[in-house]
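*Asks:* Those protein sequence lines, which keep their order, are chains A and B. Using the working numbering, you'd call the opening residue of the first sequence number 1 and step up by one each time. Using the working numbering, you'd call the opening residue of the second sequence number 295 and step up by one each time.
Because the hints were derived from the structure by calculation, they are not lab data.
Only some residues are given here: those of chain A computed to face chain B with a beta carbon under 8 angstroms: (1) Asn84; (2) Met86; (3) Leu89; (4) Arg117; (5) Gly121; (6) Phe124; (7) Phe130; (8) Tyr140; (9) Asn145; (10) Arg193; (11) Val197.
The structure displayed is predicted, hence computed values, not measured ones. By construction, the Cβ of each residue, glycine as well, lies at the ideal position given by its N, Cα and C atoms.
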Amino acid sequence: MDEHHEPNAALTDQPVTAPAIGAQASTPYAATTPETVFEAESVSIYYGDFRAVTDVSFQIYQYEITAFIGPSGCGKTTVLRTLNRMNDLVDGARVEGDIKYHGASLYGPNVSAAAVRRRIGMVFQKPNPFPKSIYDNVAYGPRINGVRGKDKLEEIVENSLRGAALWDEVKDRLKKSAHGLSGGQQQRLCIARTLAVEPDVVLMDEPCSALDPIATGRIEELMQEIKSRYTIVIVTHNMQQASRVSDRTAYYSVLTDDKSDTRTGVLVEYDRTERIFQNPRDPRTEAYVTGRMG
Amino acid sequence: MAVTTPPPAIDLSDHATWRRVKSNIAVALMVVALVLVAIPLVLVLYTVVKRGIGVISWDFLTGDIGPQISKQGGIGPAIVGTLLITGAATLMAVPLGILGAIYLNEYGRKSPFAQLIRFMSYVMTGVPSIVMGLFIFTIWVLRFQFSGFAGALGLACLMLPVVIRSTEEMLLLVPDTLREASYALGASKARVTLGVVIPAAVGGIVSGCLLAVARAAGETAPLLFTILTVTSVNSSLTGPNTALATQIFSNATSPYDAAQARAWGASLTLIAIVFVLTVAARLVTRRLTTPKR
Chain A
1 MDEHHEPNAA LTDQPVTAPA IGAQASTPYA ATTPETVFEA ESVSIYYGDF RAVTDVSFQI
61 YQYEITAFIG PSGCGKTTVL RTLNRMNDLV DGARVEGDIK YHGASLYGPN VSAAAVRRRI
121 GMVFQKPNPF PKSIYDNVAY GPRINGVRGK DKLEEIVENS LRGAALWDEV KDRLKKSAHG
181 LSGGQQQRLC IARTLAVEPD VVLMDEPCSA LDPIATGRIE ELMQEIKSRY TIVIVTHNMQ
241 QASRVSDRTA YYSVLTDDKS DTRTGVLVEY DRTERIFQNP RDPRTEAYVT GRMG
Chain B
295 MAVTTPPPAI DLSDHATWRR VKSNIAVALM VVALVLVAIP LVLVLYTVVK RGIGVISWDF
355 LTGDIGPQIS KQGGIGPAIV GTLLITGAAT LMAVPLGILG AIYLNEYGRK SPFAQLIRFM
415 SYVMTGVPSI VMGLFIFTIW VLRFQFSGFA GALGLACLML PVVIRSTEEM LLLVPDTLRE
475 ASYALGASKA RVTLGVVIPA AVGGIVSGCL LAVARAAGET APLLFTILTV TSVNSSLTGP
535 NTALATQIFS NATSPYDAAQ ARAWGASLTL IAIVFVLTVA ARLVTRRLTT PKR
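With these hints in hand, go ahead and build the complete structure from the sequences.
*Replies:* Laid out in structure tokens, this is it:
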């Protein structure tokens, strides 16, 4: 039966399947407006007397990937860290203005930072697994949040590792130290650890900057896989990455005031990713995304 | 046919002779320094073993301390006293010191109160041990009595700053990224400290504490004014007691040959105890810090 199969027939497989892929991804922006997860209104962030970010307002939508890009010192990581109150840990950090999370103020009087972080997880720049076994790393979050029972924990660990596309690589060595994994595996373990507490939002602070291109590609694939269930906000220095993975992009820049010799981060432009990269409104954005500045 | 000229020979020989000479001189100086360092260490061990090994026997280790002139008798009560007093001092100083260091590094951080405590513990590390002995003598022994407990108090005062400092340094080595990772999962401060920071530092903490214990076991000065150095077994913390270090002191300064021999035997015993504690510290550190890959 196969005798009429031409040697190069395999090549034709790709054009055949390509439309199917295109059909799946055809309408990234549905006509209905997605639900707002974060709403920042005139947010300024200070470290002591230093105003790191000035007057930032934006909305972040559910089940989308939002990228923060911009040069060093523009405050994109600072903004990210205020979204789950990680900046509370920095001495002298202070937030002005209001950030609402599903309508509730994140910096309201009775808000518990721990409760915020349980819903809004974070993946850091450098993979930072605990010096524990792979299993204990993933089980740590559920345990501190009161999950007991071996069966339940094992189920969560397996599901989280599968969710982070790491299960097949580590299923035979769950009791081994997480420090024996490669950098890319460690970062996926950190993602699995974050997913294990079933957050609503995953914040990613340059998650691939310590990884090689192959490991980076796997993390990016992973982000696409999980975005149907999680809202993702990613800070990245890599513009290609922002254009590849994100639905919306926010471009931050540094504003320098020569008179008072101060600098502060501002949000220059925030729009759909293709708009930011192909037809930005602001000349500063254009200069940055085309590589003429920054 | 073109005539092929052979490529010029590449010279890989070492022309930097003076640099090599300087390097060799430096290596030679280091070897000399190593030998000089080793001499006192080896001589101390050699002398103690040579003089002490002949005295050691089961009877010596368990026997009562007789009169100094007697050739009979051992150091049993002193071993009991050393273990008892050092153990009690450890129970006082180690938990307090570890908790204090956790407060300093995880909670107090840069606050003025924490800075004051940190500074005081640094100063206390430098206080001569005989001053600690006098201190306990004044505030405890003069008011109550000579006792193993008083000796343990003196040793605990010496151990406390060492435990605080070594523990705090170990906690300082735990990277903040681990704390952040834990906070980002919704952990409270107590959870972060107990679940991540302490486990990450436990090897260093345990080894620092064991070294502090080993150090205290050999201390003489804080015990001189506090336990009275009696000659019979006292397995209670109340009432006068005795210890290896003070027995060595009183026997070695005695005019009798038998007593001096006993002092050597006691010295060897004490070194053996400290050695065991130090090796234990090493093993524990290695066991707790090497991740299983």
